[in-house]
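**Q** Here are the chains, one letter per residue:
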Amino acid sequence: MSKKNPEYDFKWCPGCGDFGVRRSLEFAMIDRLEETGLPMENNVVVAGIGCSGNLVHLLEGSQPYGFHGIHGRSLPIAMGVKMARPDLNVIIVAGDGDFLSIGAEHIGPQASRNLNVCAVIMDNGVYGLTKGQSSPTTKLDVITPSTPYGKIEAQLNPLELYLTLGVSFIASGFSSQPRPLAKLISQGMNHPGFSIIHIQSPCTTYNDTFEELKGNVKKGIEPTLWDIPDTHDPSDRAAAYGLLQEGGVPVGVIYNDESRPTLDQRAESIRQKANPKSVQELMDSFQF
Amino acid sequence: MQLRDFVIRFGAEGGGGIVTASEILAQSATQVGYHALTFSTFPSQIMGGPVWTQTRISVNPVLSAGDDVDVLVAFNQEAYDNHRGDVREEGVIIYDSGEFQLEDESRSLGLPLDDLAKSTGNARAANMVVIGALAQLFGMPQDDLDEFVTKRFTRGRAGDQEIIAANLKAMYLGREQVTGSGFSIGELAPPSMPDYEQVMLAGNQAMSLGALAAGLDFYAGYPISPATTMLVYMERNLVGPGKFAYQVSSEIESITAIVGAGFAGKKAMTATAGPGFSLMSEGLGLAWMAEIPLVVVDVQRGGPATGLPTKTEQSDLMACMFPAHGDVRLPVIAVGSVEECFYGAIKAISWAERYQGPVILMSEISVADRVQNILKPDISKVEAEQRIVHQGSNGYHRYSGFELSPMPIPGNPGAYMANGSEHDEMGDTTHLPERHIQMTERRFSKIKLLEEDEYERDQADQPVVMMPWGGTKGPALEAYNTMKEQGIPIGWFYTMLLNPLPPKLLEELKKKELVIVPELNYQGQFSSILRSQGVRAQSITQYTGLPFKVRDLISKITEMTQSHIKEVVRA
Ligand SMILES: Cc1ncc(C[n+]2csc(CCOP(=O)(O)OP(=O)(O)O)c2C)c(N)n1
Ligand code: SF4
Ligand SMILES: [Mg+2]
Chain P
20 MSKKNPEYDF KWCPGCGDFG VRRSLEFAMI DRLEETGLPM ENNVVVAGIG
70 CSGNLVHLLE GSQPYGFHGI HGRSLPIAMG VKMARPDLNV IIVAGDGDFL
120 SIGAEHIGPQ ASRNLNVCAV IMDNGVYGLT KGQSSPTTKL DVITPSTPYG
170 KIEAQLNPLE LYLTLGVSFI ASGFSSQPRP LAKLISQGMN HPGFSIIHIQ
220 SPCTTYNDTF EELKGNVKKG IEPTLWDIPD THDPSDRAAA YGLLQEGGVP
270 VGVIYNDESR PTLDQRAESI RQKANPKSVQ ELMDSFQF
Chain U
110 MQLRDFVIRF GAEGGGGIVT ASEILAQSAT QVGYHALTFS TFPSQIMGGP
160 VWTQTRISVN PVLSAGDDVD VLVAFNQEAY DNHRGDVREE GVIIYDSGEF
210 QLEDESRSLG LPLDDLAKST GNARAANMVV IGALAQLFGM PQDDLDEFVT
260 KRFTRGRAGD QEIIAANLKA MYLGREQVTG SGFSIGELAP PSMPDYEQVM
310 LAGNQAMSLG ALAAGLDFYA GYPISPATTM LVYMERNLVG PGKFAYQVSS
360 EIESITAIVG AGFAGKKAMT ATAGPGFSLM SEGLGLAWMA EIPLVVVDVQ
410 RGGPATGLPT KTEQSDLMAC MFPAHGDVRL PVIAVGSVEE CFYGAIKAIS
460 WAERYQGPVI LMSEISVADR VQNILKPDIS KVEAEQRIVH QGSNGYHRYS
510 GFELSPMPIP GNPGAYMANG SEHDEMGDTT HLPERHIQMT ERRFSKIKLL
560 EEDEYERDQA DQPVVMMPWG GTKGPALEAY NTMKEQGIPI GWFYTMLLNP
610 LPPKLLEELK KKELVIVPEL NYQGQFSSIL RSQGVRAQSI TQYTGLPFKV
660 RDLISKITEM TQSHIKEVVR A
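Going down the list, the sequences are from chains P and U. Residue numbering for the first sequence follows my numbering, starting at 20 and increasing by one per position. Residue numbering for the second sequence follows my numbering, starting at 110 and increasing by one per position.
It should be emphasised that the hints constitute simulated quantities derived from the structure, not laboratory data.
Quick list of in silico lysine-lysine cross-link-like pairs, BS3-like style, CA-CA up to 27 Å: (1) P:237 - P:158; (2) U:260 - P:296; (3) P:296 - U:485; (4) U:490 - P:296; (5) U:593 - U:621.
The shape of chain P in the complex, shown without the other chains (with noise of 0.2 Å):
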């Protein structure tokens, strides 16, 4: 919305960490417009529901084209949009539950595709739209409303699972950082195939990780979120695997890989090389 809009009466609570994310997807695209020239209308943000999901009608200033489709599916629409047209920009924003839950079969085809989009995806561990159930990445044994005897499922890697999905650039970032996190997202948007930044956006009212996250000196808590050092090597698979045996969270490129060609220009290449006939042409091999 360039303009607060009265009707639309959906609110993040105070302190959630998609305010920030919001903030940085802005600078990410206000930065690509500087740089490419290229008008807002030249971006499709592509939303799954949830909270996270209403980010696309929160941003503030000149507007990009948005889609706030249907639960789960934002990776296969975003796949049409930018199949059908390889030149505008393709932006996912959606939820751990949206994207890792009941989204997550989409996430395997579009990294073998390599898919040229680039996913910001808010974990906040918890489903918050609907008040506060368990998601992927809820960790094991906690309690939730929809686990009153503590999750019994394991607590999910999101990292790992892209890169062993071979998605193409993964990166970590914390919605507290605005302007490093922005940095993340243009990186993401200039990569060259399928790109994942794999934010950790605290819901302040179901799972506020902030001091798990950042932690706390005074109460002698260990932050959880740690950079990555300069010395790391994004285009080595293995260091990037290591890297994820670590513990924590990683902020930073983990994986990047630009190698490898995209959909659409295998696409391209395809229709180089086909030589199609024309529908005159089709019709007429079944003349007799």
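Since chain P is already given, all that's left is putting chain U with the ligands on it; use the hints.
**A** Coordinates of chain U with the ligands only, in the frame set by chain P:
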């Protein structure tokens, strides 16, 4: 006796061999000026199981696969046992005597097919032995067949000549066998070569071509019988500049991908069958809600769940018209012939673009897999509609008002939110009652743009009429023609446009005392939709996995008209 119309059925154990045989037979007949139509039915497995196919050849255009069999070609005992009952009294049975023996069957002729084929030097020529035998039975001139075989097997490869020679030899061997037996079915009435250009193709091919002719840009699909052939055809042929077709990972991906492509300004389509269609439910609701043009083809097969993957049925009508939760009623076009597959696809794409929303194009196995000769469609005359696009600036309200409005295309000014949640004029989510009223009415009002008075009518002043839909059109029209000749008082109505129905047609139907709807499902789905619109409709249902027989339709309809007349007289 001169034959004007005859039916050959092939029965075998699995494999595509007899599909080829029935298609070759149809092609060779159309080549010389006859009309032909094929039908095939399989079990759902790649190898084995009883398969049968049928070719009907006629001096007139063919409407249905035909009830009675003139010649049965049985490749094994089971095929003979299953199909013997459908052979006419004067019919002939050709069987593979290398497989089994028929002793008490006077009008039968055993051919050792494998041995004969091997003796030509091409073990795969068994089909041609059969074609030769059939040609002799019907007195089909060999010259035409020679020409056909030569054309068919001239593929510009090194071995062409040997293959042609072996196939020709196989046909002569088949002929000799019949000559020796002294059997004949009669002499074929001479064909009259139509004075127009013809094509011979399957329903799914015609539908794919129609979509291409209408300017389809984008196709995403997931393999499923009997829609797979469309996916394969599109992947090969929809590859021009800015166009693309590919296989995605599920029907959920198919529908949401074409939603994305339709939003991005493209003419987008997918094709599936029942199970895939069920998975598209939520995505179709999204397209309706967000006002995204797209076409979903449902090539119906039998039953719920995995059901009967290879059997024909018309049981998805309710699912197609009401595919999603919430207030949704989608435009539906159903095709009843190979020709309609072509024109139905053009209509569906035009509708989607015109009203900016999803359109369902229904087909069914018996139409999709049928190969038929038709008048060659004139591609240059196809007028593909384009959507009305927003040409102005940013700050545009895409969903304003109660009616259709120009649609902005990403990349251009007019950025908005396509939204599957209820929304305001800019596309932002809202819960206000007046907005839900406005947007609901807006979505339904657009359907009016699709009202067109395109329908068939004959003896339309009769108080009792029949109105089939989809693939039942063929056998129903044949039944109607016969009843009309016999003077049975009945009228005929038909349309591809099931929702919205042509308004004038609906007016006419409402005045009828009885509208008889033959349809291949248990519940009488179309008649119940007609009743909900104020039409006194009653179904004739069948759910065998096979099309109606013309004979059965005639007897049921005659019975219904007579008991209706009695009721009227009593009252
Ligand atoms: C098909 C379907 N199932 C369930 C829902 C209900 N639903 C809405 S949002 C949501 C979970 C959201 O969790 P997440 O994606 O993590 O987003 P968050 O609210 O935490 O940002 C669910 C289950 C739905 N809208 N659609
Ligand atoms: S419920 Fe949690 S995720 Fe949702 S807006 Fe509130 S704080 Fe944010
Ligand atoms: Mg969440």
